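Peer 1: Chains as they are written, first to last, in the numbering used here: chain A, 119 to 493; chain B, 5 to 640.
Derived from the structure by calculation, the hints contain no laboratory data.
A quick note: this is a predicted structure, and the numbers were derived from the prediction, not measured.
Note that the Cβ used here is the ideal one computed from N, Cα and C, for glycine as well.
Check before you lean on any hint, since a few could be wrong.
[Unchecked claim] According to the in silico footprint, chain A covers these stretches of chain B (three or more CB under 8 Å from chain A):
hint, region
1, 550-558
2, 564-573
3, 604-610
[Stated by the list, open to error] Stretch by stretch, here's where chain B covers chain A in the computed footprint (C-beta under 8 Å, at least three residues):
hint, region
4, 131-139
5, 318-331
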Amino acid sequence: MTAPGALVQISPPRRSVELTIDGDTVAAPEGTTILDACRQRGQDIPTLCYLETLHPVNACRVCVVEVENSRVLVPSCSRRIEPGMVVHTDSPRVRHSRKMVLEFLASSVDLSTTPHAAEWIASYECHPERYGPPAPPAAAGIRDAAHAGHHEPPDPAFAATVHQPIKADNELYVRDYGKCILCYKCVEACGIDYQNTYAIAVAGRGFDARISTEFSVPLPGSACVYCGNCIAVCPTGALMFSSEHDRRAAGTWDESRQSVVDTICPYCGVGCTLSLHVQNNEIVKVTSPFDVSITHGNLCIKGRFGWQYVQERPGNGKRTNGVPRRPRDIEAASNAAGKSRRKGHDISQRDGPQHDGPPHAGTPGDGDGKGSGHP
Amino acid sequence: MDLRLTLAEATGDERAAVDACLGPPASQWDGGDRDAAVASRSASGGRELGRARRNLLLPALQAVQRRFGWITEGALIYVCERLDVPPAEAYGVATFYALLATTPRPRRILHVCDDIACQCRGATEMIAELERAAGPPLSHGPHADHVIVDPDGAAWIRSPCLGLCDQAPAAMLQVAGEHPADTLFGATTAPELNAVLHGDDRIQKRPHPRVPQAGAPELRLLARASVIDPASLDAYRSTHGYAGLRRAFELGPAGVIREVLDAKLLGRGGAAFPTGKKWEAVARQPVRPHYLICNADESEPGTFKDRALMEGDPFALVEAMTIAAYATGAELGYIYIRGEYPLAIERLEHAIAQARARGLLGDSVMGHDMRFELEVRRGGGAYICGEETALFNSIEGFRGEPRNKPPFPVDAGLFAKPTVVNNVETLYNVPWIVREGGAAFAAIGTAQSAGTKLFCLCGCVGRPGVYEVPFGTTLREMLTLAGGVPGGRPLRAVLVGGAAGVFVRPDELDMPLTFEGTRAAQATLGSGVIMAVDDTVGLEPMLLRIAAFFRDESCGQCVPCRVGTVRQEEALHRITRGRMRGSIRDELALLGEIGLGMKDASICGLGQTAYSAIESAIQRLRLFETAAAPGGAATP
Chain A
119 MTAPGALVQI SPPRRSVELT IDGDTVAAPE GTTILDACRQ RGQDIPTLCY
169 LETLHPVNAC RVCVVEVENS RVLVPSCSRR IEPGMVVHTD SPRVRHSRKM
219 VLEFLASSVD LSTTPHAAEW IASYECHPER YGPPAPPAAA GIRDAAHAGH
269 HEPPDPAFAA TVHQPIKADN ELYVRDYGKC ILCYKCVEAC GIDYQNTYAI
319 AVAGRGFDAR ISTEFSVPLP GSACVYCGNC IAVCPTGALM FSSEHDRRAA
369 GTWDESRQSV VDTICPYCGV GCTLSLHVQN NEIVKVTSPF DVSITHGNLC
419 IKGRFGWQYV QERPGNGKRT NGVPRRPRDI EAASNAAGKS RRKGHDISQR
469 DGPQHDGPPH AGTPGDGDGK GSGHP
Chain B
5 MDLRLTLAEA TGDERAAVDA CLGPPASQWD GGDRDAAVAS RSASGGRELG
55 RARRNLLLPA LQAVQRRFGW ITEGALIYVC ERLDVPPAEA YGVATFYALL
105 ATTPRPRRIL HVCDDIACQC RGATEMIAEL ERAAGPPLSH GPHADHVIVD
155 PDGAAWIRSP CLGLCDQAPA AMLQVAGEHP ADTLFGATTA PELNAVLHGD
205 DRIQKRPHPR VPQAGAPELR LLARASVIDP ASLDAYRSTH GYAGLRRAFE
255 LGPAGVIREV LDAKLLGRGG AAFPTGKKWE AVARQPVRPH YLICNADESE
305 PGTFKDRALM EGDPFALVEA MTIAAYATGA ELGYIYIRGE YPLAIERLEH
355 AIAQARARGL LGDSVMGHDM RFELEVRRGG GAYICGEETA LFNSIEGFRG
405 EPRNKPPFPV DAGLFAKPTV VNNVETLYNV PWIVREGGAA FAAIGTAQSA
455 GTKLFCLCGC VGRPGVYEVP FGTTLREMLT LAGGVPGGRP LRAVLVGGAA
505 GVFVRPDELD MPLTFEGTRA AQATLGSGVI MAVDDTVGLE PMLLRIAAFF
555 RDESCGQCVP CRVGTVRQEE ALHRITRGRM RGSIRDELAL LGEIGLGMKD
605 ASICGLGQTA YSAIESAIQR LRLFETAAAP GGAATP
């Protein structure tokens with residue numbers, strides 16, 4: 119143990135690395151990514167699949183930069199700086215590739231709820247319409263069933279898209295894969311990086327690749343525990359609270375009239391920070407700050423969705439007596455997550471009643487895959 | 005891992021098929037029967053065990069596929085239970101591979117190649133005839149569709165290149181069942197395929213690779229192919245077999261690497277990286293274990309050289325890998341071979357078993373203090389798995405998606421350990437180099453391209469097949485060696501290097517076939533494909549097939565390749581079908597922009613080269629020049 123008052127060294131000192139970014143000599147600690155080195159000097163680079171709290175998958179390629187003596191462009195979000203590296207973040211090659219990535223996405227995916235998309239599309243002079251009018255949405259289930267390999271020849275009248283009907287198979291959130299850019303963030307948050315639930319993965323191949331449960335079973339039949347951590351990391355609004363989705367559909371969603379209030383989750387002793395998004399004195403969604411070390415933006419089903427009771431005020435016809443009730447939708451979802459159609463992989467399930475508590479929110483470092491219900 | 009499984013139950017047969025691959029389950033924890041006395045007091049599983057067995061996922065799924073013709077939900081769930089893999093991930097893996105199906109299929113499936121080399125030999129017409137006789141190909145409906153599929157029926161589907169380009173047009177029959185069998189058909193016809201489809205098992209062909217130079221004394225790589233009995237270890241040993249490994253034990257690991265460095269051997273898989281440097285880098289790594297992988301996922305359209313080597317001389321690969329393992333300190337090697345090569349798989353497995361029985365593999369190789377084991381892993385129908393980091397993911401039981409580099413495989417490859425990945429042809433050079441010395445090898449060929457090289461002559465040539473020549477031979481000499489264009493027809497173009505290669509003009513035939521010579525001519529040797537195209541073959545359909553190939557084979561991980569390959573194919577269809585948006589110049593400029601974006605920003609070589617052949621057709625062959633004339637009509 120460290121004596122009180124002694125200096126606590128939390129990580130070994132890191133060597134400083136000198137490199138050149140856009141003509142300027144820059145020094146940053148060894149191990150820094152090019153993206154971080156740029157952001158530290160106040161220079162922003164667009165990103166879509168990158169998030170501070172997740173392992174970089176460098177799949178979207180919108181953050182590419184030119185590194186001298188590298189044959190191809192490199193993803194700044196994951197490439198670490200090296201001494202003497204010469205980086206160009208805004209060269210013609212870089213601008214061209216970013217433009218193409220944005221055009222490819224804008225011409226095949228609905229980016230209407232992707233923050234910054236419109237601004238980037240303008241600044242990189244993208245013309246997604248030059249690939250032709252977007253193809254009509256696929257019927258439900260068609261994209262889910264696409265087989266890897268041979269495809270039908272394209273229709274020259276249209277530009278292929280991933281447009282398809284939304285998936286609203288539970289009360290808590292909506293999956294609109296017509297907005298999915300396949301950034302892998304939800305898969306990482308659900309699986310290896312945080313939740314260890316692995317309810318979803320990437321299935322299929324190429325343009326037919328999609329986020330899917332096994333055999334595309336609806337969420338209530340899947341391993342989903344409704345933590346909503348996938349919604350928290352989704353960069354395009356493909357995953358959305360039903361409360362937000364319904365308000366958007368009704369035209370009543372208005373972020374300019376929303377305030378965000380931070381509080382501590384009342385359910386258990388972990389003490390996760392909740393950011394309540396309030397519109398018209400109603401909680402419309404709940405997030406958690408990514409920079410809080412307790413949660414890194416993650417919550418469980420209760421913190422994420424269990425706030426209806428707050429709004430059951432006297433006069434709205436519901437009896438509360440000041441006692442928080444377990445909201446009915448949480449109960450329904452917990453049941454769906456825990457029992458319906460699923461068999462557990464544990465003794466309690468086979469030998470007796472299953473532990474039916476809501477799942478434990480993933481906490482950083484809880485990486486051994488032992489979540490709820492395991493003996 | 006805390007698995008949550010759907011209630012789908014595997015049938016007894018499905019369990020048996022999985023257990024035949026994985027062995028019987030040890031306890032209730034991995035899907036076995038419950039022993040109350042034990043289960044209530046003990047637990048097994050967890051991350052370490054799960055990780056250790058994850059690499060068996062693809063073999064287990066393949067076992068189900070080969071037994072039933074498709075993977076049912078119950079069977080997939082049982083595999084997950086056995087291996088501690090989340091079902092969503094296993095489904096993601098199963099749907100990644102073209103040779104696996106997750107919707108009902110008949111057990112008898114005929115894969116008919118419609119790729120470019122077969123196109124040159126009349127495949128398009130043959131497939132049209134087959135479709136008239138046998139009906140449309142199998143289509144994959146949504147899961148919800150309760151399509152009645154007769155498991156005892158049959159269906160045909162279009163296939164990318166099967167590596168039988170020397171005897172095009174080609175097909176592969178897969179029959180699932182208790183005794184699954186894959187059969188290749190070369191130089192086939194529509195009536196023959198229709199008969200095969202309808203269960204005529206009398207048609208039995210084993211299309212052996214054509215080695216027109218067979219028996220010629222100057223051959224090194226092909227010295228034994230089509231000459232000795234590929235199943236006989238004694239025949240192999242009587243033709244200098246295992247002399248290389250004996251010499252390697254005299255030289256010691258460092259000595260072997262020195263010979264390979266002196267030989268200036270460059271990788272034959274396409275990237276031309278110095279093999280000796282790769283071996284040295286892994287040999288020096290203090291981290292253990294080291295792995296050795298032979299990349300035999302030869303899927304580049306037009307390529308069949310590795311198949312010729314493995315089918316004709318399987319023991320040489322076992323010996324070469326043993327030498328490589330000795331030099332680099334690997335105790336386990338994998339041969340990752342494409343699933344479409346059933347005969348090569350059979351012969352390699354036989355060779356490995358023979359070598360093991362004679363003490364040439366195992367705990368004490370040739371009585372020396374060296375452990376080495378070899379395992380054959382079968383691909384699932386995915387070109388991308390020939391990319392080395394995608395290959396690692398495939399072996400490890402994940403989707404075959406390439407990883408970002410760095411780290412490079414010599415630092416963190418298979419299972420994140422230092423790994424040597426060599427192409428088949430590269431390895432076949434090794435026993436000779438060790439036996440005869442690096443200097444002797446370096447004396448062959450040119451200063452910068454040492455040794456001999458295999459070329460896959462296909463398309464419109466008189467004697468298609470695999471040819472071995474010293475580096476420096478010109479393209480013209482190669483075409484002459486293969487009998488030139490049949491019937492004295494005019495040559496229109498030559499595709500060099502495969503679908504990821506370039507088309508060259510008939511006036512560029514004096515190009516020396518070396519790494520430096522092709523580079524200077526802004527071409528590439530690629531995988532050694534030389535596909536001649538005469539005036540009877542339409543270049544536009546070839547380009548459309550190449551574009552479709554890259555779209556089909558893109559793993560879908562990165563945006564430039566996933567969407568770029570789609571946009572590229574659409575633009576080509578608009579051009580060739582007279583549906584252009586704007587002028588031909590606009591369309592060609594758009595194609596150029598798409599191509600540059602894919603080349604610069606894609607993660608791996610697939611996206612980076614997906615525009616290469618198309619670009620060369622536009623720029624070198626001036627394919628759409630006539631279309632650029634006033635009026636803008638596309639070429640017919």
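Peer 1: Could you run down the list of hints and mark each one as holding or not?
Peer 2: Quick rundown of the hints versus the structure:
Interface restraint, the region 550-558 of chain B with chain A: holds (5 residues with C-beta to C-beta distance below 8 Å; minimum three). Judged by the Cβ-Cβ criterion of 8 Å, the region 564-573 of chain B is covered by chain A as claimed, because 8 of its residues qualify and three suffice. Remark: the region 604-610 of chain B is confirmed as covered by chain A, as 4 of its residues place a Cβ nearer than 8 Å to a Cβ of that chain, reaching the required three. Judged by the Cβ-Cβ criterion of 8 Å, the region 131-139 of chain A is not covered by chain B as claimed, because only 0 of its residues qualify and three are needed.
Remark: the region 318-331 of chain A is confirmed as covered by chain B, as 12 of its residues place a Cβ nearer than 8 Å to a Cβ of that chain, reaching the required three.
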